[in-house]
Amino acid sequence: MLIDTNVNLGPWPFAPLPELSAPQLAARLATAGIRRALVAPLAAVFLPDPMPANEKLFAAVRRTPALLPVPVINPALANWREQLDRCRAAAPIRAVKLFPNYHNYRLTARRMDDFMAAIAKTGLKLIVNVRLEDERHRYFALKIKGVPVKDIARFLRRFPTHHVFFTGLYRPELKQLAADHKNFSADIAFCEWAETVKDLLSVMPARRLMLGTNTPLLSTRAQADKLRLAQIPARTKALIGTENARRFFKL
Amino acid sequence: MRIIDVHTHPVLFKQGRKPAEVRRLIAHGRRLGIVHMIVLGDVLLYGAQPNEAQLRLMNDENARLAREHPDYFTAFVYLNPLLGERAVMAEAERCAARPGFRGIKLEIANNAAHPCMRHIAKAARTFNLVVLQHSWSTTNIKDRKHQSDPIDTALFARRHPDVKIIMAHLTGVGFRGVLEAKGLPNLWVDTSGGFPEEGLIEYAVEHLGPDRVLYGSDLPIRENSVTIGRILGANLPAATKQKLLYGNTARLLNLKLA
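Going down the list, the protein sequences come from chains A and B. Sequential numbering from 1 applies to the first sequence in our numbering. Sequential numbering from 1 applies to the second sequence in our numbering.
Errors might be hidden in some of the hints.
DSBU-like mimics (lysine-lysine), calculated; alpha carbons at most 30 angstroms apart, straight line [to be verified]:
id, chain 1, residue 1, chain 2, residue 2
1, A, K150, B, K142
2, B, K18, A, K175
3, A, K145, B, K18
4, B, K145, A, K145
5, A, K143, B, K122
6, B, K18, A, K198
Don't read these hints as lab results, they were simulated from the structure.
With the hints as constraints, model all of the structure from the sequences given.
Encoded structure:
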């Protein structure tokens with residue numbers, strides 16, 4: 001049984017993707033052996049306030065237990081505390097997700113001090129999305145780049161007692177961060193090279209890597225096969241595919 | 001399913017040349033069902049515009065792989081069109097005379113719309129070679145001098161309708177690239193390069209038909225399990241997947257594999 005830490009639900013305007021319902025999404029994931037998934041609302045990426053998308057997500061997954069909702073919080077908005085409280089009241093969430101590059105703030109912003117303190121009090125895990133797509137293929141008028149590695153490094157140095165989970169790091173970015181920082185984990189959705197997982201394990205311990213597919217923007221089957229067919233010990237595969245997520249997110 | 005990978009670089013920046021590394025690659029491929037690979041060469045070893053001597057070195061490496069493992073590797077000859085007709089024809093002739101060469105590989109020496117591409121077309125006709133042109137959308141990569149946008153590769157195909165051409169990198173050329181290739185029966189698209197963006201394989205088959213899409217990985221820059229999984233996971237009939245993974249390349253390159 002695999003747990004997918006990087007799944008999205010909702011519309012995406014830049015590709016002709018079918019908009020899946022929650023049960024359809026769960027069924028698609030199941031075809032690749034994924035039985036549980038942390039799901040964020042894709043519409044929150046482009047909305048001025050993520051809450052309508054969060055609430056839609058909570059309603060959509062209520063009867064689909066395979067999908068665990070991960071609401072999006074925007075710490076650049078004046079009401080981020082209210083966003084956090086409302087999300088916690090609405091659903092049994094285990095984590096919240098940030099999209100700094102889409103929401104026009106930096107991880108190095110001073111406002112992150114209060115936000116990180118509040119997150120620590122709740123006991124929730126923090127997921128930071130670095131990118132949703134390969135920047136070379138984005139829509140011509142969308143000039144959003146991935147979250148800069150130097151910002152992530154400063155962020156990790158500034159909050160050394162927090163262990164943050166990053167989705168969407170490129171392989172060179174992950175390797176660069178792994179050399180200097182131990183207080184983060186990452187998914188493998190945007191890491192690829194021959195024998196990707198074995199390659200990543202040369203710089204990052206297995207207990208800090210997790211399966212992430214970035215479904216539905218990337219092919220679920222292809223992304224799951226990256227781990228499923230990796231020539232690594234079964235125990236290591238189980239850590240990356242299931243147990244790390246179960247432990248970290250208390251699933 | 002049996003699989004032919006039409007886009008590989010087993011040796012990249014001199015990594016992967018040792019016999020043990022080659023054997024390991026073949027074993028890795030076979031585990032995934034890959035029965036044959038097309039070797040395109042260590043194409044960026046000497047930069048974007050290699051000279052004649054550098055091309056010979058890289059093509060000799062391809063020839064060595066095809067000679068030592070003829071059942072597993074077919075080679076393409078890597079050329080720099082900017083070197084002119086004499087150099088292009090001489091290197092194409094030298095390689096075409098050796099066993100295991102079936103095509104020409106072009107990278108980023110020049111844009112595919114450049115007039116020097118007529119030398120490539122002449123070499124392809126003369127030695128009965130298929131041309132594989134690196135292609136990528138220049139919408140966000142602002143280097144049209146070296147990068148061939150799908151518009152440019154399609155123009156090359158339109159100018160030389162008797163030459164069989166592969167537009168490399170489906171993800172790189174994207175939906176727009178598929179539409180550029182539509183209606184050009186001498187132009188195929190390979191699925192190599194980029195992350196496995198959802199829906200693109202199905203879109204390519206919808207617009208180009210099941211016979212003009214070829215499985216490729218871009219190994220080692222990409223991982224075979226991912227690039228194969230992208231096709232196996234596509235919403236397509238099994239027979240179409242088998243064409244993409246094997247039949248189309250076998251037919252295009254006239255490969256008779258055991």
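A quick look at each hint next to the structure:
1. Proximity of K150(A) to K142(B) is assessed by CA-CA distance (about 25 angstroms); at most 30 angstroms being required, the pair is judged to hold.
2. Distance hint between K18(B) and K175(A) is fulfilled; the C-alpha atoms sit about 26 angstroms from each other, no more than 30 angstroms.
3. Between K145(A) and K18(B), the direct Cα distance comes to roughly 39 angstroms. Violation of the 30 angstroms bound is thereby established for this hinted pair.
4. A hinted pair counts as satisfied when its Cα atoms are at most 30 angstroms apart, and K145(B) with K145(A) qualifies at roughly 24 angstroms.
5. Distance restraint check for K143(A) and K122(B): the Cα-Cα separation of roughly 41 angstroms exceeds the 30 angstroms cut-off, and the hinted pair is therefore not satisfied.
6. Under the criterion of a C-alpha separation no larger than 30 angstroms, the hint pairing K18(B) with K198(A) is consistent with the structure, at around 20 angstroms.
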